[in-house]
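Enquirer: Letter by letter, the chains look like this.
Protein chains: 2
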Amino acid sequence: MRRFVIGSARNLIQRSRQNSQFQRPLLSSSYRLLSSSPPADPSSSSSSTMTPPVALNTINPKVIECEYAVRGEIVTLAQKLQEELTTKPEAHPFEEILYCNIGNPHSLGQQPITFFREVLALCDHPAILDKSETQGLFSADSIERAWQILDQIPGRATGAYSHSQGVKGLRDTIAAGIEARDGFSADPNDIFLTDGASPAVHMMMQLLIRSEKDGILCPIPQYPLYSASIALHGGSLVPYYLDEATGWGLEVSELKKQLETARSKGITVRALVVINPGNPTGQVLAEENQKAIVEFCKQEGLVLLADEVYQENVYVPEKKFHSFKKVSRSMGYGEKDISLVSFQSVSKGYYGECGKRGGYMEVTGFGADVREQIYKVASVNLCSNISGQILASLVMSPPKVGDESYESYSAERDGILSSLARRAKTLEDAFNELEGVTCNKAEGAMYLFPRIDLPEKAIKAAEALKKAPDAYYCQRLLTATGIVLVPGSGFGQVPGTWHFRCTILPQEEKIPAVVSRLTDFHKSFLDEFRG
Amino acid sequence: MRRFVIGSARNLIQRSRQNSQFQRPLLSSSYRLLSSSPPADPSSSSSSTMTPPVALNTINPKVIECEYAVRGEIVTLAQKLQEELTTKPEAHPFEEILYCNIGNPHSLGQQPITFFREVLALCDHPAILDKSETQGLFSADSIERAWQILDQIPGRATGAYSHSQGVKGLRDTIAAGIEARDGFSADPNDIFLTDGASPAVHMMMQLLIRSEKDGILCPIPQYPLYSASIALHGGSLVPYYLDEATGWGLEVSELKKQLETARSKGITVRALVVINPGNPTGQVLAEENQKAIVEFCKQEGLVLLADEVYQENVYVPEKKFHSFKKVSRSMGYGEKDISLVSFQSVSKGYYGECGKRGGYMEVTGFGADVREQIYKVASVNLCSNISGQILASLVMSPPKVGDESYESYSAERDGILSSLARRAKTLEDAFNELEGVTCNKAEGAMYLFPRIDLPEKAIKAAEALKKAPDAYYCQRLLTATGIVLVPGSGFGQVPGTWHFRCTILPQEEKIPAVVSRLTDFHKSFLDEFRG
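Protein chains in written order, with our numbering: chain A, 490 to 1020; chain B, 490 to 1020.
DEER-style ranges, computed between Cβ atoms:
{"no.": "1", "chain 1": "A", "residue 1": "E749", "chain 2": "B", "residue 2": "S886", "range": "52 to 62 Å"}
{"no.": "2", "chain 1": "A", "residue 1": "R860", "chain 2": "B", "residue 2": "W636", "range": "42 to 52 Å"}
{"no.": "3", "chain 1": "A", "residue 1": "G821", "chain 2": "B", "residue 2": "T986", "range": "56 to 66 Å"}
{"no.": "4", "chain 1": "A", "residue 1": "A857", "chain 2": "B", "residue 2": "A857", "range": "39 to 49 Å"}
{"no.": "5", "chain 1": "A", "residue 1": "A857", "chain 2": "B", "residue 2": "K577", "range": "18 to 28 Å"}
{"no.": "6", "chain 1": "B", "residue 1": "K914", "chain 2": "A", "residue 2": "S899", "range": "51 to 61 Å"}
Simulated from the structure, these hints should not be mistaken for laboratory data. Beta carbons: idealized from backbone N, C-alpha and C, even for Gly.
Next comes chain A alone, as it looks inside the complex (with noise of 0.2 Å):
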């Protein structure tokens, strides 16, 4: 059963070839009619219908075969009911569309730590920074960064492209953080700072990713940013399952069999994807295991592409976060002996700073000719944003005992991250109450994934609509209670399972609503079904 994805991934390569096979005699037949058109005559042309030069099936297949859930036929549906929600409030049987479909925690709500912004708003207007009346209105820690910030960018132009990784002082508060966090060294130069992560890992796909007998190690289910990502560079997704039964856990034998069984195929598997803690999952993965994985990555030859972007999401005791850096350096490995990329943004953790656009990956393990080709990429695009660059520094060094924000930083910050635990816990419970639903336990991220078992009726009803059972129960539960989640299928799943992403991000005064209203619709929906 489980070799539905890889064949799918096969599928996926061989409709993309039969597609550009199709396209050709399209393309040369159109490029005949355009050789053949008559010289411009204005006076005709205006009244002709133009043959559009673009057309679906002469784009680029691999932009059609990509794919998004997160922001798919879901959320294009929410916006359409909430549109009409603002126009007719009892269009529908709810007030307010509930976007539990992404980790965007301000959009729900979360305020923006104090300090962070104090000094972004500083930093984007340094002509105020010594008015009299900035020392009332911006506290003395912040002031006293953002001169720090300004000093560390050359001629303090914050409207400047910086070099192309990223300001170097940034990156050296970065690097330091991340020694902080590790107690391993931390090389500035291996830092480069992107628009959230989502660009870094592009940058190591179009790196990695030659052909589609390329191959990448991911999850399933995983975070569709990655399918999407290889689909576009046209490699092949090499699918490793994680085991539910088990908290999600990451089974380095199914790696190798995964590994094997994608080699046996002729793909050359080119780096494994690992995101912790998890995402749709939300496990955080146990030291032992990591060690495990680096050493199957060391052995195997593969690039250990790290996403720990909600390194600071853990929610239970019995865990902590380790990034896979520190992993590998406990072990004794360094820079020759394991090729290394972590991800982190600022749009998660308790910042949630998603519109900044800021993140970095720090980059190991790869010899200076292949440094200088990404530095290459890095620099088509000029830089990342600056205001982002300042705020993936701050992330790394927050205030500190003693100075003046700290207090107020800490409240903030514990205040988000007890209450993220709280709602996790009781989305959780509230999902294992439903009939025919298991949820695991939500360790870290921002996610719940439960599986849910759908009567034989309503996987049919799903099937004459030529949808996903899971995607026909998130389309239901959303036009009856304006709750968003993301159906399983969006993130791969074992085949005959379903699934649901559901994040823990509503504000607790309205986390009972949601339960409540999805408690509801879950009966009615199961009672229509029943067999």
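Given the coordinates of chain A, work out where chain B should sit on it, guided by the hints.
Expert: What follows is chain B alone, placed relative to chain A:
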């Protein structure tokens, strides 16, 4: 002679094919090696030397082919010299590096527009908006504008991901700004906000290019983002030459000739890139010329990719910027007649806010199904940074007569633009004074692209060092004077001619020093190599 670049594009394709053939045996042997590797043994493996999973001959050859001269070898050398000056100020015969290589105004001391920065700061830290001290620090209309913008953002959450195309209210403002500029309607749903213009260009190349058989008509000389993006996406650059003799004129007869040459080689040409005002060439197209270009694209079924990021940078009274959208609508061509993408950025203009990474593309004349695909690709990266989005709305809707900031705003704007015009003229005159150098008029943009006749001996000296002669000239200039230029070979030029690009951005008080250093160097360089 003009076949050179098409020839080199073909070589590029062939080399990349050879590369992949070259890699296959390597890969399969490394694959065999990996498959037969023994099971993990932590004790032995830390001492064994790893075969790195990624080497220069196993990365994506498209990445290797990509070049971006604006941040190439000369800039790397400049950064090295700058570091040496920091530790040892007398290390070189100059006190500072003068970066004339890149359109990065704030890095050379240009100050931001106060109103824009006020609004950005207030949107970053809205908590201060209703504090009394804020009235003393910020203009009344910046406070009002910040409120307006916050009201356009759902939940006033500047820290949330927006709609994948950007905040709807900001797109409304931009569309209104386009309408005011052009006198023709603009649809906010056609706007895609992006992190600067570069990601927008990449998105279009990704959409249009399926293989090396797809070509994009690009000006030569061109801004190397285009050649880099075409290389990264595996397409063919189809060059058309701007005519230096007529002030870098764009002749439709040349477009036709190159289109037909490309088609005769089996290339499907999909789009035409026009940069207006020109980069690196600084010319501003006449409206009649633009009409002929529109007509050409319509007749030949090409997407018109209009790089209009320098739309505010016009320095001569006899020329005016006209957007290609305005020109095509004024010809009676609507949505169904021409596929047109216009790129705009907050990095250029009088604002020059490169570090903010704001920009947009206006996408018109594509079918709904293709538009959906563009939306999908945009959604994989979630959204562009919100500060950049806000700034893009501000540059398209600056303060108006009667607003408190209007006078100071227009004084700042006019001061920058008139100073740029003076600097352009001074540098243009200075270049034309140099022996063997001719420089066209700087009508617009931020660059001059003078042609330089190099002595035969200098060309030989360059060849001995395996350098392009213009690159050799620029390197010698840098080490002698600290002035950083980009050699013409980075942009493309008629073979056998040599150029360099020089920005007009050094602050006005530094221009005399640039001129005298450059003049002295040029004389001694010619003397050294005189026949």
